[in-house]
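*Asks:* Protein chains in written order, with my numbering: chain A, 51 to 271; chain B, 19 to 825.
Among the hints, a few may not be true.
What the hints assert, rightly or not - Now the in silico label distances, taken between C-beta atoms and shown as ranges: (1) Gln178/A x Leu817/B: 39 to 49 Å; (2) Asp62/A x Val772/B: 40 to 50 Å; (3) Thr129/B x Ser142/A: 52 to 62 Å; (4) Arg792/B x Glu110/A: 44 to 54 Å; (5) Arg118/B x Pro234/A: 44 to 54 Å; (6) Arg201/A x Ala213/B: 40 to 50 Å.
What the hints assert, rightly or not - Stretch-level coverage of chain A by chain B, calculated; a stretch enters the list once three of its residues show a Cβ under 8 Å from a Cβ in chain B: (7) 92-100; (8) 104-116; (9) 134-147; (10) 178-191; (11) 217-228.
Quick caveat, the hints were computed from the structure, so don't treat them as lab data.
Using N, Cα and C, we set each Cβ at its ideal position, and we do this for glycine too.
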Amino acid sequence: MTHLGFQFQGQDFVARASGALFWPVEQALIVADLHLGKSERMARRGGALLPPFETRATLERLSIDLEETRAAHLIALGDTFDDDIAAHSLASEITALCARVQVTWIAGNHDPGPADLPGQQAGELHLQGISLRHIAGESFDITGHYHPKIRIAGQRLPVFLIGRQHLILPAYGLYTGGLDWQDPVLQALVPEGRAIVTGPRALMLPLPPPAQASARRGKWR
Amino acid sequence: MRDMTDHPDLPKPVSRWFATQGWQPHDHQLAMMQARGDSLLIAPTGGGKTLAGFLPTLAQACAGPPAGLHTLYVSPLKALTHDIGRNLARPVADLGLALRIEDRTGDTGATQRARQRVDPPHILLTTPESLALMLSYPEAPRIFASLKRVVIDEIHALAVSKRGDQLMLGLARLRQLAPDLQVAGLSATVENPQALADFMGGAEVFHADPGPAPDIAMFPTVLAPPWSGAGGGYAARDVMRAIAAARLTLVFINTRAQAELFFQALWAVNDDNLPIGLHHGSLARDARRRVEAAMAAGDLRAVVATGSLDLGLDWGDVDLVIQIGAPRNIKRLVQRIGRANHRYDAPSRARIVPANRFEILECVAALQAVEAGELDSDGRSGLGALDVLCQHILTLACAGPLDADQLFAEVTQAGPYASLTRADFNACLDFVATGGYALRAYDRWQRLVLRDGLWHLRDPRAARDIRMNIGTIVAPELLSVRRGPRGGAPLGEIEEVFAASLSPGDTFLIGGQTVRYDRLRDMVVEVTPQPDKTPKIAVFNGLKMATSTELSARVLALIGDPVAWDSLPADTRDWLDLQARIATLPRPGTMTCESFARGGWWYFALYSFAGRNANQTLGLLLTHRMEGAGLAPLGFVATDYALLIWSLEPVRDPAPLLDPEGLRDGMEDWLAGNAVMKRTFRAVATVAGLIQRNLPGARKSGKQATFSTDILYDTLRKFDPDHLLLQITRAESMRGLADYGRIEEMLRTRPRIVHSMPPHVTPFAAPLMLEAGRIPIRGAGQARLLEEEAVRMMREAGLHLDEDCAI
């Protein structure tokens, strides 16, 4: 049970431990915030030269998710590329991906402008009465942008936040930080519901979670 | 007989000045005057070390003011530069010298810094980091061209860390800029002065008269020390009496949290309202300055302090040093005693207050060691760190283009890098320039580019980031603590890890007062003072103290020799008896261990007394075996005495765990994925400039901006396992580990395993439970814990996972 099923707006979804969301009825794999080309963008700006492997690692994971779900449609919820230049320098990888499945690129704040990418581009997408966009807005929607995380049993892990109105995905990219689920912005969007922790395996938690055992055990650990 | 006030090496005014003070120059001060090359002075605190360092400068200034910057003074502590500035001002004024003295540290304002770059003072007082920063400016050659002397204070403290490597690289650059430079190193008493001279790149060693033996003893208290704990609160009333009887007392305690608690305990019994101050590194800078100033002005009767006051500050009138808690190593103890007396012809008075009964053993052992004149050996190999070299190359590139051959020649002038190979140098240069990846990904975006045979910064704007990253201290993330909602008074800093453990309403101590945690906003911890409340939480980690291996061997010998127990107080003997009754007393030559349960977890304590490196290595080896045996280890902590492992399942039979046969099997992967490595990598990556230091204020939102260095480590390991930074990380981690051969040897020579299963925490294990520096194990145990936690939360919320729902 690496992956967990759940319902949002009457639809069945599967949260994958990798951080991808599968929508069986649409045969769609949905990912958010890949931030491809981040290390190169930092280098271009004269900053540190980070290990330039994150794009390869992220695309490898994506390939596995596509294969395992047999998805026909890939939807990237924005901030797929760290900027437009990154999108261009990855042309061959992107072409290969688009040859394999139908791809919809939703605009993010890092990659808002239309780049001459293969595949479809959209500001947002509407499927089964649900909007798919980068930043949460009018309900009901499936979004990314915030990179939500949660602290459990001493670890801080990327997490799906599933409320009544909003479903927020964790960042799928490698070199991405995160925002704690308790942040007022996220609490306003998903005041209660479920969280699905990603990592070695997917685990479901109630939101807000009851007091953690570690906190009750005493402070000395 | 010649005139007592006349010294051939001193200009007349200086001789006269000594005479008016009623002083005689010490022999070592005169010897340092005569030194023609670089020199290293070994002297106890109070031996007039600093004056010895500055006398040549003062003497030369008698002939007229120097042109430009003449003397650079470098110390490990900002507080020291202030102190020295104050102390120097007096002879300079008395002698009527036209010398401008200024300090230049992280606290120096931007205007002053900018002015110093254009018009440097005659004497500049600074730290290794600020020196590196100055060397990064294009004006550096002009600023330092006139330099004649460099005085490095407390060089023994710098030599054991990367800060020393950085300073020696900086010194090598200074020698290029000012070829007839003379360097004086000032050191407290050390085991091996020659190693320190080599560290300086060669120097003539001078020894000061060590002075009379210190008067040091256990502090008599009315109450016996408690079974465990580290605060020393039980002795507050006794310490208060001693403070009242002395002129000025320094109370040293090992960690910041303990200092806070003890300070509060003292005030609770301060019936006469004697002025007592608190000084530690977590306090806001203004608060520290106030205490330093009050102490210098003689307004205080006592100061409770941690390591922040540990190095050679001259406070003048201190006549008593009280050490609360066992001094974790002998050298530290001796240096602290030095503080007790300014005049080193009179013996220093120091008293030790053990914080618990185990520490009595340590105190007795430490006293025996001081009596025997024994010092701990210095813990670091003489080889300079390569991550520091990477940073140095970047720093110099900010000042101007670099020639690789010249730079290599320059760098190998620095003591720690004397045996640096050209290959290692090239690897560092390559890393800095291209990232050093097997996949040459950054051809267009190199950090340094080769043009006309010289290495240039590709993007000059990068200099700003590089300068912000200068320094080799990688401290835990600190958050500032302020009173009230917005812009309230700053109270100090706490570690981010500690802040994360707080819930609104929790109370803790800072700056001697109890405060309530309200919220975290913009990376500032907002609190409300709660004057009359006892703090709920008092534990926030200060620096971790390692006991020395020498001391732990003495402690084991003491435990193992009941005849020697006569030197112990009666309650300590009772305590040893209790350990013997519910578990077992460790004896030399055995592996004594115990398993007990607490709070739902199992603990396995092993008393090897083999030193921290050996115990840390054992921790890695044993957790690996426990993982394989399905015992689900969650983490461990190692001290010089013992190793403590916690797990979800108990160790019932330690024999297979401790079997030397096949101990190394499968260790390669276990070690590489371990938290020790990741922790080291974070420091290495920061120093080498792979990641930017998080500066206060530089991360307002804490949003998507930062990500864990663990991700970088894992990525490198997977895609580029031979990368330079991984090589440095491995080498550096291994320095903190004993080699496997030694561990196998130990297990073979101590085949007798004594195991007990006491019903609860034992007297010996209690202090281990409070030890800082825990290393988590991310294995099956952690996964189980996550899962159990998730299931429990769902159940508690009245929810359940629909089985059909799970794929």
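*Asks:* In ascending order, which of the hints set out earlier in this document are inconsistent with the structure?
*Replies:* 1, 2, 4, 9 and 10
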